[in-house]
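Colleague: If you want the building blocks of each chain, they are given just below.
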Amino acid sequence: MTVLTIRDALNSALHSLMAADDKIIVLGEDIRGGSGIKDGQELGGVFGVTRGLAAKFDARVIDTPISETAFLGMATGAAMTGLRPVVEVMFCDFLGVCMDQLMNQAAKARFLSNGRVPLPLTIRTTMGAGDGSGAMHSQAIYGMLATIPGLTVAAPSTPADAAGLLKSAILGDGPTVLMEHKGLYGLEGEVTDGLPPVPFGKGRVAREGKDVTIVALSSMVHKATEAAELLARDGIEAEVIDPRTVKPIDSEMILASLAKTGRLLVVAEDTAFAGFADAVISVVARGGFDRLKAAPRKLTPPDTPVPYGRKAEAAWLPGADDIAAAVRSLAGS
Amino acid sequence: MTVLTIRDALNSALHSLMAADDKIIVLGEDIRGGSGIKDGQELGGVFGVTRGLAAKFDARVIDTPISETAFLGMATGAAMTGLRPVVEVMFCDFLGVCMDQLMNQAAKARFLSNGRVPLPLTIRTTMGAGDGSGAMHSQAIYGMLATIPGLTVAAPSTPADAAGLLKSAILGDGPTVLMEHKGLYGLEGEVTDGLPPVPFGKGRVAREGKDVTIVALSSMVHKATEAAELLARDGIEAEVIDPRTVKPIDSEMILASLAKTGRLLVVAEDTAFAGFADAVISVVARGGFDRLKAAPRKLTPPDTPVPYGRKAEAAWLPGADDIAAAVRSLAGS
Amino acid sequence: MLTEGMTSLVEKGHFIRAFEGALARAFDAGEVPGLVHLSNGAEIFELAVMNTLRPPKDQVTGSHRSHGIALALGVDPFAMACEILGREDGLSEGLGGTQHLIAPDSGLLGSNGIVGGQVPLAAGAALSAKVQGTGGIGVTFFGDGAMNQGAVLETINLAVALKLPMLFVCENNGLGQSTAASYAGGGASIVGRARAAGIAAAHVDGGDLDESLAVASKLGGWVRETGSPAFIEASVPRLAGHYHGDAEVYRGEKKKVVDPLDRAGDLLLDRGVPEATLREIKTRVAEQAEEIVERAKAQPDVSDRALSRWTEGGAA
Amino acid sequence: MLTEGMTSLVEKGHFIRAFEGALARAFDAGEVPGLVHLSNGAEIFELAVMNTLRPPKDQVTGSHRSHGIALALGVDPFAMACEILGREDGLSEGLGGTQHLIAPDSGLLGSNGIVGGQVPLAAGAALSAKVQGTGGIGVTFFGDGAMNQGAVLETINLAVALKLPMLFVCENNGLGQSTAASYAGGGASIVGRARAAGIAAAHVDGGDLDESLAVASKLGGWVRETGSPAFIEASVPRLAGHYHGDAEVYRGEKKKVVDPLDRAGDLLLDRGVPEATLREIKTRVAEQAEEIVERAKAQPDVSDRALSRWTEGGAA
Ligand SMILES: Cc1ncc(C[n+]2csc(CCOP(=O)(O)OP(=O)(O)O)c2C)c(N)n1
Ligand SMILES: Cc1ncc(C[n+]2csc(CCOP(=O)(O)OP(=O)(O)O)c2C)c(N)n1
Ligand SMILES: [Mg+2]
Ligand SMILES: [Mg+2]
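Protein chains in written order, with our numbering: chain A, 1 to 333; chain B, 1001 to 1333; chain C, 2001 to 2316; chain D, 3001 to 3316.
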């Protein structure tokens, strides 16, 4: 066991996989950084996740123009022809400019070939509000992405899961979007040596409890756990489930928790309508109706873009207090 | 009262609004059709919805290059500066190539200006499987679009609603996506003279019933009604609710129906996970839990791209028989 | 090119025309699930380009109008016909269809339903070849209309910036659906736009077989030898509607164009190939094409079974 | 330009520099919610372009780096500072922030967080002006990096095809974040790429005030008179990091560049403006800027109240 930040866990996973398989390439904007500029020290990505890769793997680490459509499509084509590309799309907000390559090309090619074409493509991108980045650098569009047939969407909350899900994505056969929360890069946590892959579709019980089930992803797992500690003082034991993958969702784990608690709160950072929270509530309402003792609840940001001002952003994001309050009213119902 | 097809109702609404307000412009690919070609007769859009507009309103009817990003963005900018543009995006599958202009520009500008900038933008697009158009000309991504804060998303099932929702969109202040089902253009129905606007967020009871509530949109309304007729023979009276707008959703009408029936089936053509069906189930599970007598159900296509072959496409789409079967098992539970 | 090779190429051209003719009749008979976009007029040029390629090391992507490209690459016509008819033994058992023909074994990485969507994918094939040192190249076909799509414009620049072994092939048939290329492209020269992006580029009359062979081999060779991208703009006629069944009222009076297949036939006659041979070729390939499409029509539709393999485990 | 006008322009340039300096200090003091991208080096050129505009008939869109553009257009600096600090009386009461400055009354249709996203929007302003016959034009500023984004490339063509009264302004500072423009653009000339698309285009040294004024007025005038689009590529230095606080290690040894503000100052000295006047100007605007940003810092953050007006009725 070692302690690593999410940033370093991801970086370390990239280093070890790239050393083991020269079919893995990494590409994106500024992921080398400083290309074309002499004597420049490499940036290694604006969040530093690809640091040091250029020095080791040179031609397999590729800076691109600001042409997300072209380079995401290029990565998709490369995945269809023998490589295992890892693309960095700097912020998930930018997926809008290359959504066709994501939703129609990368996500559909395996199906359209009836399984004859492999597509080992990993798209790393960042998400999340809380740092004053404003409406176009703060979104968390995992619910939107999960609507796309053919995509796996994952959103880790810990260093071990970040590295493990990244490995599963890179070693897998299909396209995966890995959503890294900007606010969690510096988060430290214990990781098993060798950073083992984490399978898709398997959640994690982040905290055990018997009274209420909270389903949350990414940074919301930490807020939910914080809320659970507050609630414990009042004798309410909340179970926090981190599905880790948005799609495929671990319905089994969620329903098993429901069997224990009978009460559900979903906390999400993506959009309010038709997002992750609604999907989980639907899973539970359909598959766990008899286990529900009270109406399920959700806590999401309001249905607006992410605001810039500090107070607005804080109000917009679900916080530990909001979660605790929602659980209290749920537990009392 | 007159009888019109959806195509003609839309066309007629465009003609009358454009005659009344010269701030309304229409633009898109081939919507005049034949431009630059001498003596060509105008196509009026590949589905004929904009037929005759060029001859009447000439410079306000604009053919564009195949540059969805540029022309959707142009329409957005035009809406911010005094015009009321109506853009045709030929198939909603193509929204991938201009998703940034939709999700980050058109949808966010009013919020980012704190309401100082108007954005009367109408995006007409088509959707729907059933005609062998394959995976990139058949999608129905209304659930995905509805996740975007700032957008209104509507999907009419009748000529009156098609014209009425189009009018509300054009006369309104915000960006609206109107999703026209390709398979319904020829559908005839009665319309009130003058084609009055239909307000957003207000559903329509397509068929009254007391045993089960079926919520469906667009072409699924007709399949649900067909199923309801089948069910009526067995003494099951299904109520069919057509919300007409995906967002804002008419929760009130849906919950009111639930109060009567206690049972919910949502039928949707968009994707299986985190789509419209999950959103409606969430509305009901959260807001109508006490009224639910049985677990809510949904009927959606499987979570794959739209297949091409006839049998596959028929199997992929929810049909009246599937709906009837789902209602039967629901009514019996 | 030797007369023998050229005769075989022209034979392939006639086969493609006949194959699509048979498909069109199948469409009229209600046997095709969707609309088909025919290559009429572009066959000779496409064959000239394929003549320089070495699939499957080279991989090609195409647009919605890719039957001709696929056949020119040597994709099995029966598997193709079955796919376009949505039948058993189709390339993807009918899941993809006419706009999603995929046959990487023959060098066809894929055709596409999104105008321009195929272009970045071919950059990926080029990158793969470069990184793995296979000596292969990526090739992409697209239309004049696609030249105004961001995906295409970005990829031209990307290929230059990353020095990708990639051949761009723009088939300018003067029309994007009902819209004139000259209008949509603002009157600018396509090859000029490409060249300004820093790519080696040439224009060719795609109805001229000799010239097409020369330009294709020159620019294809450039890509292979230098590892840098190149761009061909070919003028080709669109001899039929945008899709089969398109009434083309918008087109007004059609200008008379000589069919490139006839022009190629004339080249053969000039070289002393007897007219009877040409007639015999046409008859033979027409029969072959007809037979293949008939066999495809007789195949069952098993696309639902193919689908079910993707839905087992079911939707969430 | 008369000396008086030029002096006032240079004063504005110094004010912009000082304003952003004060913002940077506010950032260092923890008063700014997000990152700020400063215009250092581009002020003079931007002022030269604005000199030919007639807002609000003309509408301008800009990139993430738009403080200078906004101020050059005459947007109220206090409302801007409040917005950038996320405070009461900000343009959008703090909902938008530094990358989303919107002030159409002053001709600023909007700045943008998506590279290239602002460019199609300006085409809309141009179309509005054209359809409504206002005589106005649409103007858009973007960087060398944005020149590789589909939105920009498509819009250049669209403006030509539709004959839009639109001015494209590409500020080439040699860098997109840490990536060299020459690398990302494949070594091709930006103005050459634009010209090949059929647009009137010129390159200018954006550090040369006289030349910038001349080129801006020539091409701006062309757009206004002909109703057709035009394109300016301006070389401007990026005197600081990509954002304030960027360590720029990737940049290696920086080439020495003369600050365009100093060059413009020299022009004034040549015209006989006393050095003392220039010094006095700098001191004065520094004080003004400081005072404005200080006042903004004293404003309360009411962005949560602004937000609540958008959430009443609540999320579904
Ligand atoms: C992004 C996108 N926009 C629009 C369409 C609809 N569409 C299909 S083919 C076509 C015309 C294409 O013209 P061109 O590129 O010249 O190819 P051609 O049909 O002439 O071979 C259009 C507009 C599409 N499939 N994808
Ligand atoms: C679509 C998109 N991709 C990437 C980014 C991240 N990003 C912001 S600014 C920038 C560099 C832009 O370079 P340039 O256009 O030259 O403008 P400059 O910063 O030099 O003014 C990048 C890559 C973005 N905001 N949007
Ligand atoms: Mg064409
Ligand atoms: Mg730059």
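It is worth saying that the hints were derived from the structure and are not from the lab. Incorrect hints may appear among the rest.
Claimed, not checked - One-sided excerpt, in silico: chain C residues whose CB lies under 10 Å from chain D:
1) 2029
2) 2030
3) 2160
4) 2186
5) 2188
6) 2193
7) 2214
Virtual Cβ for every residue (Gly too), placed ideally from N, Cα, C.
Colleague: Which hints from the list above does the structure break, by number from lowest to highest?
Modeller: Hints 1, 2, 7 are the ones this structure does not satisfy, whereas the remaining hints hold.
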